[in-house]
Amino acid sequence: MAGASSPCLWITLSLHVWCIISTGAAQNAKEVVLLDSKAQQTDLEWISYPPNGWEEISGLDENYTPIRTYQVCQVMEPNQNNWLRTNWVEKGDAQRIFVELKFTLRDCNSLPGVVGSCKETFNLHYQETEAETGRGLRESQYVKIDTIAADESFTQGDLGERKMKLNTEVRVIGPLSRRGFYLAFQDVGACIALVSVKVYYKKCWSIIENLATFPDTVTGSEFSSLVEVEGVCVSDAEEEAENSPKMHCSAEGEWLVPIGKCICKAGFHQKGDSCEPCGRGFFKSSSQDLQCSRCPAHSFNDREGSWRCDCEDGYYRSLSDPPSIACTRPPSAPQNLVYNINQTTVGLEWSPPADTGGRNDVTYRIMCRRCSWEPEECVACGGNVGYYPQQAGLGDTYVTVVDLLAHANYTFEVEAVNGVSDMSRTQRLFAAVSIATGQAAPSQVSEVLKERVQQRSVELSWQEPHQPNGVIIEYEIKYYEKDQKERVYSTVRSRSTSATVGNLKPGTVYVFQVRAFTAAGYGTYGPRVEITTKEEASGGRCPARGPGGSWGALGLNAILSSSGMCHMLCVRLPHRNSNPLNFSTVKFPGTKTYVDPDTYEDPNRAVIKCSPRLRDASCVTDSNAREFGEVCAGRLKLPGKRDVAVAIKTLKVGYTDKQRRDFLCEASIMGQFDHPNVVHLEGVVTRGKPVMIVIEYMENGSLDAFLRKHDGQFTVIQLVGMLRGVAAGMRYLSDMGYVHRDLAARNILVNSNLVCKVSDFGLSRVMEDDPEAVYTTTGGKIPIRWTASEAIQYRKFTSASDVWSYGIVMWEVMSYGERPYWDMSNQDVIKAIEEGYRLPAPMDCPPGLHQLMLDCWQKERAERPKFDQIVGILDKMIRNPSTLKTPAGTCTRPISPLLDQTPDFTAFCSVSEWLEAIKMERYQDNFTAAGYSSLQAVARMSMEDVMSLGISLAGHQKKVMSSIQTMRAQVLHLHGTGVQV
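Letter by letter, the sequence shown follows residues 187 to 1167 of our numbering.
Simulated from the structure, these hints should not be mistaken for laboratory data.
Here the structure is a predicted model, which is why all the values come from computation and not from measurement.
It cannot be assumed that every hint is accurate.
[Stated by the list, open to error] Per label pair, the in silico range of CB-to-CB distance: (1) Glu1107 x Ala622: 51 to 57 Å; (2) Cys557 x Ala427: 54 to 60 Å; (3) Ala578 x Ala427: 35 to 41 Å; (4) Gly581 x Thr718: 49 to 55 Å; (5) Ser1068 x Ala831: 35 to 41 Å.
[Said to hold, decoys possible] Below are the DSBU-like pairs computed for lysine-lysine, each with C-alpha atoms no more than 30 Å apart in a straight line: (6) Lys1045 x Lys1017; (7) Lys720 x Lys895; (8) Lys982 x Lys636; (9) Lys1052 x Lys668; (10) Lys1062 x Lys1045; (11) Lys1045 x Lys982; (12) Lys432 x Lys351; (13) Lys875 x Lys844; (14) Lys1105 x Lys895; (15) Lys668 x Lys1017; (16) Lys1062 x Lys1144; (17) Lys671 x Lys1105; (18) Lys457 x Lys432.
Positions of the beta carbon are idealized from the N, C-alpha and C atoms, including for glycine.
All chains, full assembly: derive it from the sequences and hints.
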């Protein structure tokens, strides 16, 4: 055995003297060591079997520190099976265990006389148990981990050179499920020294990341497994919304990138890995804020950790204000409150307050009180008064108040409010104005009841209008056969709230409407009521008929007189330029009917009959303050009355007899009218020269010029109010049996209160002044762009043709005085109308208004609305502006808009050609400087782009933008038809 022990001796001696080149790293901070043989300097007392196999010896490590090692070198004997078992190792929370072995191994070739059984490897085993099992060792209970081989082996020469190298091998066992385990080393014939054995597992150590604490965490059981760990927020911190803090511990004991985080609560800010309170005079309103902020203006605090600052006296925050904004106060009163009044409608306008209180949410609210003529005797106006667009929450600085009582005294208070007005305890600040309403027509008779129905008569009753606006003189009952559709109607007047209508046909459906009459004029007709008369008893006799099957004049007169009612029969006389295609309309209108001056041979007689006469020209002074061609401003002086401003029309020097006749005919026509929306004739001067027509003074001139001057300066409701005035005037003229024939914006005058009045009843003179506006026919001249198709072709002028013209006036108003059909020739306009094309909606025109225009332009005149219907529709739009957004016309037939009658923008080759076509060439340099070099780029422009070019005039902005929109429509149309653009 001496020969066998010599290799072991060499190893033992060498442990004291070798120079270890690879000593291994220091303990990793991620490792938890369960066993380290180098750390124990006393006997390890591991179990060796057989006893003469593995041998425990003492040695020195590379730092000359004493260590305990095991070695075996039974290479001289075959069939070696030497086991070495460690003590029991309790694993704790670990599931995956690392075993680090450091050892030396001698090369078998360096051992002389060694038999073939020499090995250069050994085996590593383990056994899981719940507790220690004693010192017995049974090989069958162990599981092999691996066969360990040396990367470096030493020889005898190495010992001499003192360069023997140390091998380090690491193996992993797991997952382990029991409380502990044993390690065992099996030698099968090698010459080996086990220098050290270290057993450990890995964990992620506790850490604070993103203000969240993550505890010590043992790694997972698999190499690729990640352990998810929930973090706990540090003191005065909270989890970020919907994103709680998490981290994953890797198998190598490393924390991976964190998910989510904690943030400091309101009133606290982050400093390092903790949250500290905000100091005095600072606040942090939300955990989402990063830092504390200084208290905003007019606020303070005197405590730490505050989430808001308190407002100073006299300053407030609304419930919706965040703590980060300054405290504010109510605004001052509105400035420059002005009003305009039109009968029982009042328009109020004002300027914003000088002090908004530091807020940008200023709105306005209106308080209305009706006062007696005694001071301090006022009551709230109540719910019968309407406010447009609304009474409170107004964003604009204007409001229209409607449905006021006539001849009443009102006080209006306009208060500016903001988000803290209702929180203030100080006195309200407002602007106030007192207004006395004027004369107004009565409101509508809301309900008509049938009291008794007979074969030839109907007894009706009704209630007085809710707002009579004065003393009701009488009521007018209009009735007609339903099949006649109001083409022929009759009227009956009554001084009480009931009437009996006779001379009816048996078994016939009649339509009845009632309206009230005061000194201010007629109100609107109430709703239609249909009543069917009783059937005639059999065997009755029919009244005698006159020639041609119609009632004879004597028979009709007898019926009228026997009925005890007052009727008026009016047969419309042919106009002076009429042809055989004209027709007469039998009407039974109200108390007054228009009489054509052409029925008088002498125009002076017509003037005497129909117009107020002034004594001579001495009562009229020409101020020369304002010239309108033939019209100038002046003043009218009448005995016992104040001077009033008037407009004076005179005949040009060198006039002909025909011109004088037409001039006086116009006065004769105007003298028959008395309505708030028809220009009032003050009188006529016929003695001496010049001959004068004196009319009321309209400060703002013609409507078309007025709109062009104030392009884009009115609200839609204001424009609708103007249109309502025109419609009311035309309703009155229509009821009088008068056909205007030249209704256009140029023939509407506007006074200082924006009240629009129908004027210019001398058609021929206007046409001579504007030849392009007319188309000559054998019967005279016609304003083509404003005239209905049947009036152009057959010269059939009726109230329905005036309705067509009114639709054009609507288009003029909504386009701020744009020329109808633009630069199209008259022939092109006629052709387009016949082909069914109609003007498109002006820019920013609500759909409801454009639909009403299209209704007025129906080809069949019977399908066009009546002026009475138009006034009702416009009233509804004014009372409820939301109806402007949806079509509310009287017709459902689709009409094609006039698109292909506009310039073909797709045919232009350059931006300059396009600008020249729309007469905006002045802006060519603006487009070039901004880089708009192609029409494709222009077609993509928005209103903001147009304004950025320096186009400041609202009318020019709308014209350019309208052209761009039409260009897009044409391109889309061509794409839809397959044409290559």
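Which hints, by number, does the structure contradict? 7, 8, 12, 15, 17
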